[in-house]
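*Asks:* So the chains spell out like this:
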Amino acid sequence: MLQSSKFEYLIDQHKNKIFNYSLYMLRNHMDAEDITQEVMVRIWQNINKFNFLAARSWIMRTTHNLCIDYLRRNKSQYQRELSIDDNLSERIEDKGNAVMPDEALNQILLNKNISHAIENLPERLKSPFVLYELQGFKYKEISKILDVTLNTVKVNILRARKQLQKELKIYAREELK
Amino acid sequence: MLEKSSNKIDEKMLDKIIAVAYSDAGLYDRMVVWIKARRYPEIKKLLDEYKLTASAVHSLDEKTLSESMVSSVKKRTNGKTKSDFIGSIIYSFASKPLLSASTAGIIILAIVSVLLFSNPPLQQKYTKAEIELAQRQLGESLAIVNKVFQNTEIKIDIDVLAKHVSKPLNKGLIYLNDYLIGG
Amino acid sequence: MNKLIIIITTVALLSINIFAQSTDVTKEPGYVDFGDFTAFENSTNVTEVILDEDLLSVLATMSDESNPNIMEILNGIKLVKANVYEINDENKDQLKERINEIDSKLSNTKWKRIVKTKGEDEIANVYIKLNNDKKIIGLAVTNFEKGGEAAFVNIVGNIDLSTIGKLGKKFGIPNLEGVNEDNEKKE
Numbered sequence: 001m002l003q004s005s006k007f008e009y010l011i012d013q014h015k016n017k018i019f020n021y022s023l024y025m026l027r028n029h030m031d032a033e034d035i036t037q038e039v040m041v042r043i044w045q046n047i048n049k050f051n052f053l054a055a056r057s058w059i060m061r062t063t064h065n066l067c068i069d070y071l072r073r074n075k076s077q078y079q080r081e082l083s084i085d086d087n088l089s090e091r092i093e094d095k096g097n098a099v100m101p102d103e104a105l106n107q108i109l110l111n112k113n114i115s116h117a118i119e120n121l122p123e124r125l126k127s128p129f130v131l132y133e134l135q136g137f138k139y140k141e142i143s144k145i146l147d148v149t150l151n152t153v154k155v156n157i158l159r160a161r162k163q164l165q166k167e168l169k170i171y172a173r174e175e176l177k
Numbered sequence: 001m002l003e004k005s006s007n008k009i010d011e012k013m014l015d016k017i018i019a020v021a022y023s024d025a026g027l028y029d030r031m032v033v034w035i036k037a038r039r040y041p042e043i044k045k046l047l048d049e050y051k052l053t054a055s056a057v058h059s060l061d062e063k064t065l066s067e068s069m070v071s072s073v074k075k076r077t078n079g080k081t082k083s084d085f086i087g088s089i090i091y092s093f094a095s096k097p098l099l100s101a102s103t104a105g106i107i108i109l110a111i112v113s114v115l116l117f118s119n120p121p122l123q124q125k126y127t128k129a130e131i132e133l134a135q136r137q138l139g140e141s142l143a144i145v146n147k148v149f150q151n152t153e154i155k156i157d158i159d160v161l162a163k164h165v166s167k168p169l170n171k172g173l174i175y176l177n178d179y180l181i182g183g
Numbered sequence: 001m002n003k004l005i006i007i008i009t010t011v012a013l014l015s016i017n018i019f020a021q022s023t024d025v026t027k028e029p030g031y032v033d034f035g036d037f038t039a040f041e042n043s044t045n046v047t048e049v050i051l052d053e054d055l056l057s058v059l060a061t062m063s064d065e066s067n068p069n070i071m072e073i074l075n076g077i078k079l080v081k082a083n084v085y086e087i088n089d090e091n092k093d094q095l096k097e098r099i100n101e102i103d104s105k106l107s108n109t110k111w112k113r114i115v116k117t118k119g120e121d122e123i124a125n126v127y128i129k130l131n132n133d134k135k136i137i138g139l140a141v142t143n144f145e146k147g148g149e150a151a152f153v154n155i156v157g158n159i160d161l162s163t164i165g166k167l168g169k170k171f172g173i174p175n176l177e178g179v180n181e182d183n184e185k186k187e
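Chains as they are written, first to last, in the numbering used here: chain L, 1 to 177; chain X, 1 to 183; chain Y, 1 to 187.
Don't read these hints as lab results, they were simulated from the structure. Since no wrong hints were added, every one of them can be taken at face value.
Here are some chain X residues pointing at chain Y (derived, C-beta under 7 Å):
(1) Tyr126
(2) Ala134
(3) Gln137
(4) Leu138
(5) Ser141
(6) Ile144
(7) Val145
(8) Val148
For glycine and all other residues, C-beta sits at the position ideal for the given N, C-alpha and C.
With these hints in hand, go ahead and build the complete structure from the sequences.
*Replies:* What follows is the structure, encoded as structure tokens:
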């Protein structure tokens with residue numbers, strides 16, 4: 001069927017993006033595979049309904065929504081939610097006064113902590129950050145995917161960057177101990 | 001306000017620094033941060049730290065989804081109805097491999113036997129209307145390519161095809177190919 | 001128990017083989033990702049074409065007296081895709097920008113641009129991708145005609161430019177032989 005051709009094409013185009021996004025959101029390989037499979041099935045079920053040109057946004061929106069649903073259903077496993085620190089800039093300065101050799105930071109950044117740090121971001125910061133920095137979506141697309149305003153996307157990406165930096169400094173400090 | 005020996009960097013400046021580090025600042029902001037970083041070591045340090053993080057983030061590899069999982073989903077949906085019994089078995093097996101080894105083996109054997117003997121010829125996957133549509137679409141796509149060659153005054157650098165010719169041409173693709181390759 | 005394991009392993013290996021799908025065409029060197037076209041979805045006339053290897057194989061098998069040797073012509077082509085949008089005041093700048101972005105992207109990679117025209121009312125670019133044997137394995141075309149349409153076409157596979165011309169002729173595109181005579185008269 002012609003739908004099969006379109007379906008296979010869409011899957012080949014988007015499968016890794018779906019999987020990687022799910023992996024960051026759920027922090028678990030098997031769960032991410034489950035979600036990815038579910039998204040693929042939904043693509044098939046809706047292959048005739050959705051606008052093919054808007055496929056990318058639709059697919060990532062579906063992925064995001066399924067991840068959120070999954071997280072909510074399994075809330076106890078994902079209890080750890082870091083709060084957003086509105087005085088972050090001052091705290092970064094304060095921490096900057098402590099001894100933080102560049103070499104230590106370099107070392108941290110070169111290892112797996114960066115992935116881990118991204119995974120630990122609060123969900124509403126992590127989603128736009130992963131979509132923008134790792135998957136190359138534009139602000140407007142992310143706004144559609146997450147169903148938030150353009151300004152919210154920009155603000156949350158900025159906050160994510162700050163939060164990530166803070167996380168990495170904490171790792172570095174712990175490594176030095 | 002930034003003092004020369006002060007550690008205080010206001011929120012706006014920090015936002016600019018971060019934008020520059022992550023390569024999505026405008027030209028003006030990039031210039032401002034560059035100038036300030038040269039004057040104030042604290043700003044340079046912060047910029048370098050954020051740049052390091054940004055670089056590490058952008059270097060993260062994309063993980064690849066296993067082909068077996070993709071194949072199982074494709075096979076499930078390939079020309080079969082959604083309520084297909086065998087498809088359900090494949091999906092269940094692929095997504096939750098909790099069955100015992102012997103049960104799994106029997107199911108695999110059954111699936112393979114059915115698929116081996118019941119795979120429809122490629123042509124039967126498509127209806128007549130779909131094939132006609134595909135033919136028309138193929139023609140339209142190729143018409144676009146042909147039109148570009150036909151309608152425009154072309155200057156072709158044939159270096160890319162191992163011949164060194166540069167000459168205005170206004171010909172269709174067949175003649176272009178004959179001219180270039182002699183085929 | 002050992003026999004059972006051997007049987008299951010054999011059958012499992014066999015089934016993996018059966019389930020193996022054709023290669024991912026998006027990984028082919030001749031493939032071009034033109035980007036997301038969501039912004040243009042509201043254009044008046046929109047055409048989107050995706051013809052993969054399976055479907056092209058089916059078209060190739062349909063030969064009759066008026067269409068001889070289709071199989072030979074389509075042989076080796078793995079994908080034909082096209083996106084076409086009617087140009088209006090709202091989308092013309094974005095479409096031009098997209099064409100320029102694609103031009104930058106392909107020019108910075110191993111694609112070779114063999115056609116470039118750029119004017120106020122028209123832009124046309126043709127790119128080819130060559131393999132180590134100097135065979136064309138990818139063709140990309142971007143076209144913008146003010147007052148008309150913007151088109152993005154990508155053909156992936158073993159391409160002979162004359163094949164493309166013949167295929168165009170085969171599927172009802174105006175006969176190209178007349179072009180040569182007209183041009184000779186002009187010259």
